[in-house]
Amino acid sequence: MNVAGLYNYWIVILLMMTGFYVVISSGNLVKKIIGLNLFQASVFILYISMGKVMNGAVPILREGVTTYSNPLPHVLILTAIVVGVATTALGLALVVRIREAYGSVEEDDIHRQDESL
Amino acid sequence: MISAQLPALQVVVPLLAAPLCLVLHRPFAAWLLTFVVSGISLLVSVALLGQILEQGVIDYTFGGWAAPFGIAYHIDFANAYVLLIVTAISTVVSIFAKRSVASEIEAHSQGLFYTAWLLCLTGLLGITITGDAFNLFVFLEISSLSSYVLIAMGNDRKALTAAYQYLIMGTIGATFILIGIGLLYMLTGTLNMLDMAQRLVAVADSRTARTGFAFLTVGLGLKIALFPLHLWLPNAYAYAPSAVSAFLAATATKVAVYVLLRFMFSVFGIDFALGAMPLSTMLVVLGSVAVLSASTVAIFQHNLKRMLAYSSIAQIGYLVLGVSLATPAGLTATLLHLFNHALMKGALFLALGCIAWRLGSVRLGDLGGLGYRMPWTMGVFVIGGLSLIGLPLTAGFISKWYLVLAAVERGWWPVVLIIIAGSLLAVIYVWRVIETAYLGKTKEAVSGTEAPLSMLVPAWLLAIANLYFGMHTELSAGIASQAAMVLFGGQP
Numbered sequence: 001m002n003v004a005g006l007y008n009y010w011i012v013i014l015l016m017m018t019g020f021y022v023v024i025s026s027g028n029l030v031k032k033i034i035g036l037n038l039f040q041a042s043v044f045i046l047y048i049s050m051g052k053v054m055n056g057a058v059p060i061l062r063e064g065v066t067t068y069s070n071p072l073p074h075v076l077i078l079t080a081i082v083v084g085v086a087t088t089a090l091g092l093a094l095v096v097r098i099r100e101a102y103g104s105v106e107e108d109d110i111h112r113q114d115e116s117l
Numbered sequence: 118m119i120s121a122q123l124p125a126l127q128v129v130v131p132l133l134a135a136p137l138c139l140v141l142h143r144p145f146a147a148w149l150l151t152f153v154v155s156g157i158s159l160l161v162s163v164a165l166l167g168q169i170l171e172q173g174v175i176d177y178t179f180g181g182w183a184a185p186f187g188i189a190y191h192i193d194f195a196n197a198y199v200l201l202i203v204t205a206i207s208t209v210v211s212i213f214a215k216r217s218v219a220s221e222i223e224a225h226s227q228g229l230f231y232t233a234w235l236l237c238l239t240g241l242l243g244i245t246i247t248g249d250a251f252n253l254f255v256f257l258e259i260s261s262l263s264s265y266v267l268i269a270m271g272n273d274r275k276a277l278t279a280a281y282q283y284l285i286m287g288t289i290g291a292t293f294i295l296i297g298i299g300l301l302y303m304l305t306g307t308l309n310m311l312d313m314a315q316r317l318v319a320v321a322d323s324r325t326a327r328t329g330f331a332f333l334t335v336g337l338g339l340k341i342a343l344f345p346l347h348l349w350l351p352n353a354y355a356y357a358p359s360a361v362s363a364f365l366a367a368t369a370t371k372v373a374v375y376v377l378l379r380f381m382f383s384v385f386g387i388d389f390a391l392g393a394m395p396l397s398t399m400l401v402v403l404g405s406v407a408v409l410s411a412s413t414v415a416i417f418q419h420n421l422k423r424m425l426a427y428s429s430i431a432q433i434g435y436l437v438l439g440v441s442l443a444t445p446a447g448l449t450a451t452l453l454h455l456f457n458h459a460l461m462k463g464a465l466f467l468a469l470g471c472i473a474w475r476l477g478s479v480r481l482g483d484l485g486g487l488g489y490r491m492p493w494t495m496g497v498f499v500i501g502g503l504s505l506i507g508l509p510l511t512a513g514f515i516s517k518w519y520l521v522l523a524a525v526e527r528g529w530w531p532v533v534l535i536i537i538a539g540s541l542l543a544v545i546y547v548w549r550v551i552e553t554a555y556l557g558k559t560k561e562a563v564s565g566t567e568a569p570l571s572m573l574v575p576a577w578l579l580a581i582a583n584l585y586f587g588m589h590t591e592l593s594a595g596i597a598s599q600a601a602m603v604l605f606g607g608q609p
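These protein sequence lines are chains A and B, in that order.
Going letter by letter, the first sequence gives residues 1 to 117 in the working numbering.
Going letter by letter, the second sequence gives residues 118 to 609 in the working numbering.
In short, the hints are calculated from the structure, not lab data.
Keep in mind that this is a model prediction, so the values were computed, not measured.
As a list, the in silico EDC-like pairs of lysine to aspartate or glutamate whose alpha-carbon atoms are at most 20 Å apart: (1) B/K275 with A/E100; (2) A/K31 with A/D109; (3) B/K275 with A/E107; (4) B/K275 with A/E115; (5) B/K275 with A/E106.
Here are some, though not all, of the chain B residues that point toward chain A, as calculated from beta-carbon distances under 7 Å: (6) F251; (7) E258; (8) L262; (9) R274; (10) L277; (11) A280; (12) Y281; (13) L284; (14) T292; (15) L295; (16) M303.
All C-beta atoms, glycine included, are put in the ideal place defined by N, C-alpha and C.
My request is simple: use the sequences and hints to build the entire structure.
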C-alpha cells in the first residue's frame, strides 16, 4: 500500500476522528458544535481532493490543454458547505436558547437541572 | 400539459410556499397556506400514482439535461407510494395543527412554524422523489434542519435540548451519508442512482464499495432511529409540539426507511446488500432487539408521548425485520407496515394532541376517567392502540399478518415469536392507558370536555383509515406488493 501517496486521505481520517472525538467527549455544547464542524470539514476535503486528476489543469477551457481536473465535486461540496454553515448557525442559535433557559451550556449542569425537577 | 410537470410541482409548490408563508406572517394566513399547499401536494401525489398505475415509471429531467448529467426524478411504485403517505399525513395533520399550534406556540412565531413545516414537507418529498444521490442529501438536510426547528418550538425547555441532541446526531448521520455518496461517486463517477446501479456491478467487489455501503447504512440507521442509534428520538418526539410529533412520527422515519431500501435494492442490488455484506444478519438482530427492548421501555413511561416514541422505535424494528427476510414477501410487509404505521401513529399522536390541548399534560396520572370526559378523543386512542397491538380488523393486524407469513415462509420461527412477543408487550402499554382512562379515578371536574371539532375530525379521519385499511387491503397491500416487486426486480 502506498502510504505517502494517500496522504490526503490520512488528513481526512485524522480530521474526521478528531472532530468526532470532540463531539462525543466534550460536555460543552459549543465545543460539540466545533467538533461537528471539524467532522464536516474533513468530508469537504475528501470531496475536494477526489476531484484532482493527475496532471489535470484548472477546469477552465483553454487552448493546448487536454486534461482537466474534475470540477463537479467542488460544486457539490459548495452546497455541502452551505448546509454545514446552516447547521452551525442553527446549532449555535439553539445553544443560545438553551443558555437562556438553563443558564448553562454544560451538559452535566443541564442534566442535573432536568432531573431535580 | 401540466400532467407532464407533476414531478417538479410535487417539490416546487411547497418550496415556493415556504417563503410566502414567512411573508404572510399572520397565523391564520400561514396556516391556510400550509393546509392548501399540503392539499395540492396530496392531489399531485395521487395524480402521480395514477400515472404510475398506467405507465409503470416516470422519468423527469430538469431543464432538459439528459439523465446522467442533469438531475433526474425517477418515480416508480415504491416512491409514489411513500409520496402519498407523506402528503396525506401532512394534509390531515395540518388541519389539526390550527388549534393545537395556536395553544402551544406564541402568535408571533406561528408564521415561522408553518414556514418550517412547509420546508420539512419539501425536504421529505424531495428525498422521496429524486433519482440523484447528491440531490437526496440536500433534501435530507432541508428536512432535517427544518425538523430541528419544529422540535425546538415545543413549549417545554427540554424541547431545546432534545432538538440540540437531534441536531448533533442527525448531522453526524447526514455526514455519514455524504461520505457514502462521495465514495460511490469516486467509484462510479456518477450521481444518478440508475446509472450508479449499472456501473456498480463491475466494481462492487472493492473495498470502496463496501465502505461506502457501510457509511450509508450507518448514516441512514441514525436517521431511521434504528436500535442502537435511536437515542435522539424519544425526547424529540416527547417535547415537540403535538402536531409536529404526529407529523414527524408518521413521515420522517418512514422516508429514511425508504431511502435505505432504495440504496439497498435499487443501487447496490440485493445480492450485494444482503448477500456479499452481512446486513441481513445485522438487521435481524438489531430489529429483534429494537422490538423487544423498546416495547419493554415503553411500558415504564409516564409521559405518553414518550411512550409512543419508544413504541415507534419498536415499530421500526418490525420494518427492519421485514427487510432482513430478503424475500419479496418480507419487503411487502415492510412497505405495508410503513403505510399502516403512519396511520396508527398519526392517529395516536393526534389523540394525545387533543388531550394535551384540553389538559395541558399527557402524563398517565392525569388521565383518570378521561374516557368519559373526552369519549371521542379516547375513542381515537383506543382504535389507534388496537391497531398498534395488531388486533384483527385494524390496519396493524394486516401488516403483522404479512410479516408473520413472510417469516414463516423463510422458516424463521424465532422471528415469528419475537413479532408476537412485541405485540403482547404493546398490549401492556396500550392497556395501561385504557385502564387509567376508563377505570381510573376521575380528578376534580374540569370545565369543558371534548377537544374542538377541527382537532377531532382529523384524528377520526386517521382512526377510520386504520379500520378501513384493516378490512380493505387492495390499495395498501396491492401497491406495497407492486412496490416490493419493483425494488426486487433491480429496476429502480
